[in-house]
Amino acid sequence: MTKVRVSMEVNQQMRDAQIEPRLLLVSFLREELGLTGTHVGCETTNCGACTVLLDGRGVKSCTVLALQAEGKKVTTIEGIGTAENLNPIQLAFWEKHGLQCGFCTPGMILASYELLEAEPDPDEKVIREALSGNLCRCTGYVNIIKSVKYAAKLRKKGMRGMRKGAA
Amino acid sequence: MSTTEASITIPKLQGEPAEKKMVGRSVKPRKDVPLLKGAGIFTDDIKLPDMLYAAFVRSPYAHARIKRIDASRALQLEGVVWVLTGREAARQLVSWMNKPGLRTPERLSLAKEKVRYVGEPVAAVAASSRAIAEDAVELVEVEYEPLPVVVDAERALEAEAPLLYEDWGDNVLYREEFRSGGTEMAFKEADLVVSERLVSHRYSPTPIETRAMLADYDKEKDTLQVWASTQFPHVLRTFLAQVLDYPENRIRVIAPNVGGGFGIKSAVFQDEVSVVILSMKLGRPVKWYESRNEHMLTAGHERQQVHYIDCAVKKDGALLAVRDRIVADFGVSGTFWTEVQPAMLTAASLPGPYKLRNYDFDLLCVVTNKAPCGPHRGFGRPVAAYVMERMMDIIARKLEMGPEEIRLKNMIDVKDMPWTTPIGVLYDTGNYKDVLNRTLTISNYHELRKEQARLRKEGKTLGLGLATYVEYTAPGSGRLQGPLGWSVGGWESCRLTADPSGKVTAQLGMSGQGQAHETIFAQIISDALGVNFEDVRVMEGDTQQAPYGWGAWASRATVTTGGACIRASRKLRDKVLLIAAHLLKEAPDDLDFKGSRITSKRDARKAVSFQEVADVAIRFSGRLPQGVEPGLDLISFYEPESPTTCSYATHLAVVAVDAETGFVNLLKYFIVDDSGVIVNPMTAHGQVHGALAHGIGGAMFEELFYDGEGQLLSSTFVDYLLPTASVMPEVVVDSIETPSLTLGGFKGLGEGGAIPTAGAIANAIDDGLSEYGVKLLELPITPERVYSLITTRER
Amino acid sequence: MNPKSFEYHAPKSVAEASSLAEEYGMDAKFLAGGQSLIPLMKLRLLSPSHLIDLGRIPGLSYIRDEGNHLAIGAMERIAEIARSDLVRKQCPILSQCAHQIADPLVRNMGTIGGNLSHADPTNDMPAVMVAAGASIVAASGQGSRVIPAGDFFVDTFTTALKGTEILVEVKMPIGPTRRGAYLKLERQAGDFGIVGVAAVLEMSSDGRCVAAGIALTGVGPTVVKATRAGEILKGVELDKNTIDRASRAAAEEAQPSGDLRGSAEYKRAMVEVMTSRTIQAAARRQAER
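Chains as they are written, first to last, in the working numbering: chain A, 1 to 167; chain B, 168 to 962; chain C, 963 to 1251.
Keep in mind that the hints were calculated from the coordinates and are not lab data.
Backbone N, C-alpha and C fix where the C-beta goes; we use that ideal spot for every residue, glycine too.
Careful: at least some of the hints might be erroneous.
[Said to hold, decoys possible] Covered by chain C, per the in silico footprint, the following chain A stretches (three or more residues, Cβ under 8 Å):
(1) 29-35
(2) 142-149
[To be verified] Calculated pairs, SDA-like style, for lysine to any residue (alpha carbon to alpha carbon, straight line, at most 20 Å):
(3) B:K624 to B:S295
(4) B:K198 to A:G71
(5) C:K974 to A:N85
(6) C:K1124 to C:K966
(7) A:K72 to C:S1011
(8) B:K448 to B:S295
(9) C:K966 to A:E20
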C-alpha cells in the first residue's frame, strides 16, 4: 500500500512521517513518535485511555486516523506540564489519589484539562458528565472527581504550570 | 453530590506516639509521578529490535471439529514470518489442582482437533507489524465441522446434551457434597422454610489494559525473558517452565506497570503460551497486546451460577439451617491456576457472618460451550453474598422483621469469636454487629426510613438495601494445600538489602497492579526496621531479582507480604543492633533504633547512624564483632498464623427507582469495613471505592451475554457496559480496625468492596418496590428486569 | 486492531469529493468525523478500498441563523452544536439532543453530517430532524438538492443520498411558536439509547397545539415517524388524556426488535412512557426565541 505524508504539531514540535493511510493517530503517537503515554484500552471509542487534545479538544486517538490530524495541533500527556513541574491537574490527581494502576490516567487528565479550560469551576455533576467518556476500573471515580475539583482550586490559585500555547 | 469519607482511626502501637509511625498514614503513592506524566512503562510500550507482533486466528464456532487449516495465503503476505497451528505446537496447559473427582479437560495452547468456544485460539500469526498480523489472520483458512452447542449449564446436565469432552460421558467438571450433620433435624424443627432459585450472571473484571506479553528468546544465550501484564510473575515462570518443558532457571519474567488486574491476570490462558512458543521457534522477540474484543471473548468470565437454596428459620428470625444446591457454569473449563476454586469458595463462604451451625451443599461445576471461567475480583464470594443476603431480606419480609433486625439476630456475637463455620473455616477476629450498627449510624438509617415514607406518599420510590459478608483473605498453605487441593503456597517473601550509604532495598515476591505496594510496604518496613521511610525502596515484579512469591490475589498482599516485610525488618534490625552494640559498647537490648539512628536508651549522646552501621557491615567489615557475618542482606518468608484472615463489612445502598421505566438510580452508598490494621487509609479506601465500582458494574451494567449458538453478543465495550463517572453514587467509607492475629494485624481488603454490592442493590430495589411485591432473584439488574417485575407484580 | 489498508483521498471541494465517489463507486466511503465508521473498519465489519475524507473541504462547519431556520454545515462537530449559544436559544431541542449523543470526547470528533448519513437507527439526530421537519441539502458535482428529513432515512444504514451525493447542510426550522424536546432512555452516557423520542410542537397563542412532529429513535430499522401520534396532538389542548392517547399511538407505531438493551415489548412500553415525557417537556418549554 502506498504511503502518504502526514505532518502535525505534536506537543509544540512539528512532526512528519510517511505513513500508511490506515495508521491511527494513537499508533502514530505511540509507534512512530514513541509517545507511549497515550494508551489503548478498548478500540471502539468507549474507554478514553487514548484521549489526546486535537486543536485543544479532547478526542479518542484510537478512532482518529493520523491523516485526520494533518496540519493540526496535538497535545499528549507528555505535553502537559514539564518533567520537573507537574501540571496542576497532575498534581491534584497525585494529591487526591486519583489514580491507581495509572493506565487510564493520561486520558483522564487530558479530558479534565479540556473541561477546566472551558469551565474553570465545574460542579460535581459537570465533572461526572465531562469524564463520562473515560473509563477507570481502579478508582470507582470517587477520587478522580475529588482530584478534578482540587485541580480547579489549584488552577485558580494561579498554578497553571502549563507551558503557554501547549494546547 | 459530594464525596465524603468519614475519618479512620489510626492505630497506636504500644508505647510509640502515633505520629512517629508510618503505618496508618495516608502517604501519596511513589509510583504515581511517572504514571501522571505518561512515563510509566506498560508491556505494550516496550519495543525491542527485530520484534514481531502476534495475532490470533480464533474460532467463530462455539463447538466444532477442525477439518483443515491452510495458512499458505497468510504466509505469502509480505511481513508475515510464521503461522503456528495446534498440529505443529499445541501444549497442554498444566493444572496445579488435585482434588478427587476433579476432571482434567483438554486445554491446549492452540486447538488441535476441536474448538469448544467462540474465540478459542486456532492459529497464531507472527508478523512485522500488528496490522499485518491482523491482515494475515483473515487469510488463514480454517474449515470447521460444526457440532451441537450447549450454552446453559442446567441443560448441559441433561442426558441428551452435547458433550464437550466425549470421553467423560457427561459435562460435569467437578462435584462436591458437604453435610454438616444436623441439617435434616434443623429443617424439621423450623417454623418456616424459605426456598428460592437465585441466579448470578457471567461478567468479567476487564482491566483497562488488556492482557499483554512480550517474549524474547535469546538463541545464543538460550534464555527466555518475558514481560507480561501479570499479577504473579513467579507463578507464570514456573508455569511456562512446566508447559514448555524448559529449564526454569533460564526464564526471567518481568511484570512492568500493569494496567489493572482484578483477578484476570492471576490466570494464564491459551494464547499467552503461543506467544512464547513463537519467540522460541523464531528466535526473535514476539509481542502480543490483546484487543478488547479478544479479551471479552476469552478472559476472566466468572460468577455464572444457579442456586437452589432452602433456609430453615424460627419465627423469631433465627436461622437454623441452610441447604444449597449450586450449579456453576464454568464454560469450557476453569483457567490455570484457579480451576474450580471460585465456585468452591462460593459454597464455602455462603454462611457469611451468621451463627449458622447446620449447612449442607451440593456443588456441581458444569462445562458449556463458553469461554473458560477465570478469577475475578471477589472470586466466588460475591455470588455467595448475593444469595445469602437476598435470602436474609426475603426471610425478614416474610417474618415482618427489619433487614437490620434479622441480621443482628443472626450475626456471630463478638463473645463467640473465634468462630468456626460448619465447613471448618476459622473466623479469627471481628465485631460484625458493631460494623452493622455503625453503618446504620453513619447513614442516618432511621432518618432515611422516614424520608422513604415521606417520598412514598409523593409517589416516589426510595429503597434501602443492606448487605454484609465475611471475606476469607490471605489463605494459608494449610488451607490451600489441604482442603482446597491446590499446589500453592500461602506465604510471601521479602529480601532486604542495605547498602553502604544506609539506604535499604526490599525485593518482594509480591507483584502489584496499582495498589501502591512500593509505598505501603516501605511504610511497614520503615516502622519495623527503624529506617527513615524515604530511605526504603521497594521493588517488585522481576523474578530475576525478587525471591519467589505468589502474587496479588485473595486480598492477601498486605497480610502476607506485610508480614514478610516485618519479619525481614526484625531480623535485619537484630543484626544492626548487634553491630551497633559492638560499636557503642552497649548491650543490644539497651539500644533504640528509629529514624535511621541507633541510640543508647541510657545515654542519648551515645549514638551511631544506620549508615555507619551499614558501612561497617559492608566496607569496614574488619570492625564487625566476632562471629558476625559481613553484609546486611537477608530474606524472610512469612506464612500467616491463621488459616485465613477474615475481613468483613456492611454495605448500605440507597436507590431511587423509576417505576415507569425500571431505571434504578444509585443515590448514595455507605460502607463500613474492618480490614484489620490499615497501613495507608488513602490507598485502602481507594481499593474499596474501586471494588465497589466493580460490584456496581456487575450488579447493574455488565453482562457477558451468549446466544443459543454460543456467540458472545457483548464482545466489545459498545455492548459490555462498564460503569462511568456519571452513574457512580456518592460513596461514604468508614472503617473500624480489629487487628488480625497475623504479624502486623492486617486483614486485606482489595476485593471486599465488590462482594456484597449486588446483594445490597437488589435488596434496596426490593425494599423500594415493596408495595409492588417485587422479588428480584436474577442478576444483572437491568431496567427491563425491574420493569417486568413491577408490571407482572410477582407473588 | 487496525483497519484494512485503503487508499486515502482528501478532496478540497464537494465537487472533487463527488467525482472521487463516482470513480470508486461501491469501493469508497466518505469519512466525516469517523466516530462510527472507524470502529467498524477496525473491527473489519467494513473495509472500503477508498476513503474520501471530507475533513479538508473548507466551508462545511458553521451554524447560521437564517431567520426561519438554522443552517448547519455538515462537518459541524456535535460538540460545537452542544455548546453553541445560538442553538441553545433558537433551537433547544437540537442542543438537548447534541448533549445526549455519545460522550463529550466522541462529540468533539463526531459531526452532524456523519450522524445523519450513517443512518444508524439508534443515532439521535435523525429523530430530531424528522420530528422538526428539517431539510437536508445534498450536493454533488452536478449541483444540489433539498431532501425533506422525512424522506431521507430509507433503511438501516441507508439514506436517500445517491452514491455521488454528499450531505452538506441541515436546515433546522425555528420559530417563536415551536417547542421541541428530545429525551432518551439510556443506561448511561455513551451507551446506545433503549429508546429516544423527539417531539416538536407548533403552539398557537391560546396554548393549543397547531401541529406536532413525533419521531422515535431505536425502535425500527431506521428512525420512525410517529405520524398518528402527531395527528392526535394537532389542533387540541395538550391535556393528560390527549398526551396519553398520542403516547399510546407512538408505541403502536414503533417497530422495535429485541436486543441486549431490551425486548421488543419493553421498548414499545418505553416508547409510550418516553413519548409522554417528551411531549410534556416540549410543552413546558418557553417559546424558542
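Hints, verified against the model:
no. : hint              : result
1   : 29-35             : violated (count 0)
2   : 142-149           : violated (count 0)
3   : B:K624 to B:S295  : violated (68 Å)
4   : B:K198 to A:G71   : violated (36 Å)
5   : C:K974 to A:N85   : violated (42 Å)
6   : C:K1124 to C:K966 : violated (25 Å)
7   : A:K72 to C:S1011  : violated (25 Å)
8   : B:K448 to B:S295  : holds (15 Å)
9   : C:K966 to A:E20   : holds (11 Å)
Figure legend: structure checked against the earlier numbered hints; hints not met, in rising order: 1, 2, 3, 4, 5, 6 and 7.
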